[in-house]
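*Asks:* Protein chains in written order, with my numbering: chain A, 989 to 1269; chain Z, 7 to 288.
Don't take every hint at face value.
[Claimed, not checked] If you want the footprint, here are the derived chain Z segments under chain A, 3+ residues with CB under 8 Å:
id	stretch
1	153 to 164
2	174 to 184
3	213 to 223
[Stated by the list, open to error] From chain Z, some residues computed to sit far from chain A (all C-beta separations above 10 Å):
id	residue
4	LEU23
5	VAL24
6	PHE64
7	LEU83
8	ALA109
9	LEU147
10	PHE167
11	GLY171
12	VAL236
13	LEU249
14	LEU264
Derived by calculation from the structure, the hints in this document are not laboratory data.
Just so it is clear, CB atoms sit at the ideal spot from N, CA and C, and this is done for glycine as well.
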Amino acid sequence: MTLATVDAAATLATVPTAVSLVDMAAGYHDRIALEDINLDVPVGSLLAIVGPNGAGKSTLLKVIAGLLPAWRGTVSVLGAPPGGAARRIAYVPQAELVDWHFPITVSGVVMMGRYPGLGLGRRPGRGDQEAVREALIGVGMLEHAERQIGALSGGQRRRVFLARAVAADAELFLLDEPVTGVDATTQQDIMDILATNAAAGRTIIATTHDLACAAQCFQRVVAVNRTIVADGPAEIALDPEMLARAYSGHLLMLDGNRVMLDDAHHHDESGAERHFHDDGG
Amino acid sequence: MELILEPLAYPFFVRALVAAILVGTVCSVVGTYVVLRGLAFIGDAIGHAAFPGVVIAFLLQVPFYLGAAVAAVSTALAIGFVTRRTTLRPDTTIGVLFAGTFALGIFLFSTIEGYVADLFSFLVGNILFISIGDLVGLLILGGLILAAVALLWKELLYSTFDPLGAAASGLPVGRLEYLLLILVALTIVVSVQAVGIILVVAMLVTPAATAQLLTSRFARLMGMAVAFGVGGAVVGLYLSYWLDVASGASIVLVETALFVFVLAFNPRGGLLRRRRMLSPPG
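Throw the hints in and build the complete structure from the sequences for me.
*Replies:* Here it is as structure tokens:
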């Protein structure tokens, strides 16, 4: 072993690991969705999980969140087995899974981030209200604090849930499709918020359909199609060879470097988002 | 004024009034979660499942609410367990349990010989016949339900709104769901004498549904539901007394009338006053 590799190993060891999966497999009922998953995510990462529909992106996120048990292998999240460090984890579901007509305000949703830490029977106090206020300022939503969540635009809705994760003081953000179906400006705003939180030492793992966004706004990309088919710096999201492996069947190769993605789900979700706008306005 | 004060001279009416206020409060508080979670059908099923418990309690000469509580809670837990563990659609398994338990009640009911008007009143409700012993038992049970919600309202709220987010951040979402089903079962036990097994789901759902048409804040929704639930129960009780009609029917009809009125005329987009949807939430 040369001195240089010893140095490299020492440097690696000083960055603690937020998420570690070894030989993990998981699925639903009797159907396997993921297998042979090996993944190490250092603290402070800004990582995108990409892949076609049904590839297991959301499943991977749910295993890390402790929402779905692994069938095999080892799962370690913030130094604990799944669910063991739950208070330090914030999970944001896909926007389409949220009941936007629910009788709750923006600040009410953000306050929920404080609930698990409060304990039974304790009402939110001044400190919790201050944390909610600061989180809302952080995502630029303070002026909307008292609006019902259904009255917000698609991008504003995503920010409310990011503020909830911030108010929870979570160290690990697990976000299911945080930028799907929002316009480019909003997407940039959301990614700026995520980058700020990553720089502050929080670990951020997000699934996304948007390969351009994954390549431009994340530090690292993991491509999933039943197993991890690529893992590297963000540029790999647009690498034709990676795309061919991850998106086989959804992909049309135009020439050496250009590809077209036939991803029906993505269009559906954009449609659903427009529907939300109509509903709200 | 005379119409309101005169019945208060009778102890049985005062007992009924206390029961009406209790039932209106407990049903509306628990019913707020039932409406937000879409558990109306489960509430109906648990209500019917209480019937065999009431009949068995009658046969064993124990207070009806003990039998009703055992039957309703065990059915609630069975529904929770079966809907999680099978691949059948939840409404299918609930439908099977619903009819099966009610059939058991009718089977036992039909084995009893002689005068069973007492028992029949549990099907349609008669709040005016409530005994002081039963009322004390129901007050204690109602107090326990309200105490449980007071202790866990925010955990129940979070897991109702976003079960995945709540579970990931450490709330015991599965156990909270079972707890809510138990609270629904006990609420039904508190309510069966007032409105009867067949109509009890209306007490759970109607006040909260009316409130949901009027506000988009959780705390206000629960407060308004309690006001509608208590108001409907008290007005329905007086109607039952003065018109000499079944109390369960009159209470539910008052609450339904209020719901229909709000549905038609409420300022936030009533069916007869459709306006822009993006009004500031109230």
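*Asks:* Determine for every hint whether it applies to the structure shown.
*Replies:* Cross-check of the supplied hints:
no.	hint	verdict
1	153 to 164	holds (count 7)
2	174 to 184	holds (count 4)
3	213 to 223	holds (count 4)
4	LEU23	30 Å, holds
5	VAL24	27 Å, holds
6	PHE64	38 Å, holds
7	LEU83	22 Å, holds
8	ALA109	31 Å, holds
9	LEU147	20 Å, holds
10	PHE167	5 Å, violated
11	GLY171	5 Å, violated
12	VAL236	20 Å, holds
13	LEU249	35 Å, holds
14	LEU264	18 Å, holds
Violation of the numbered hints given earlier is confined to hints 10, 11; the remaining hints are satisfied by the structure.
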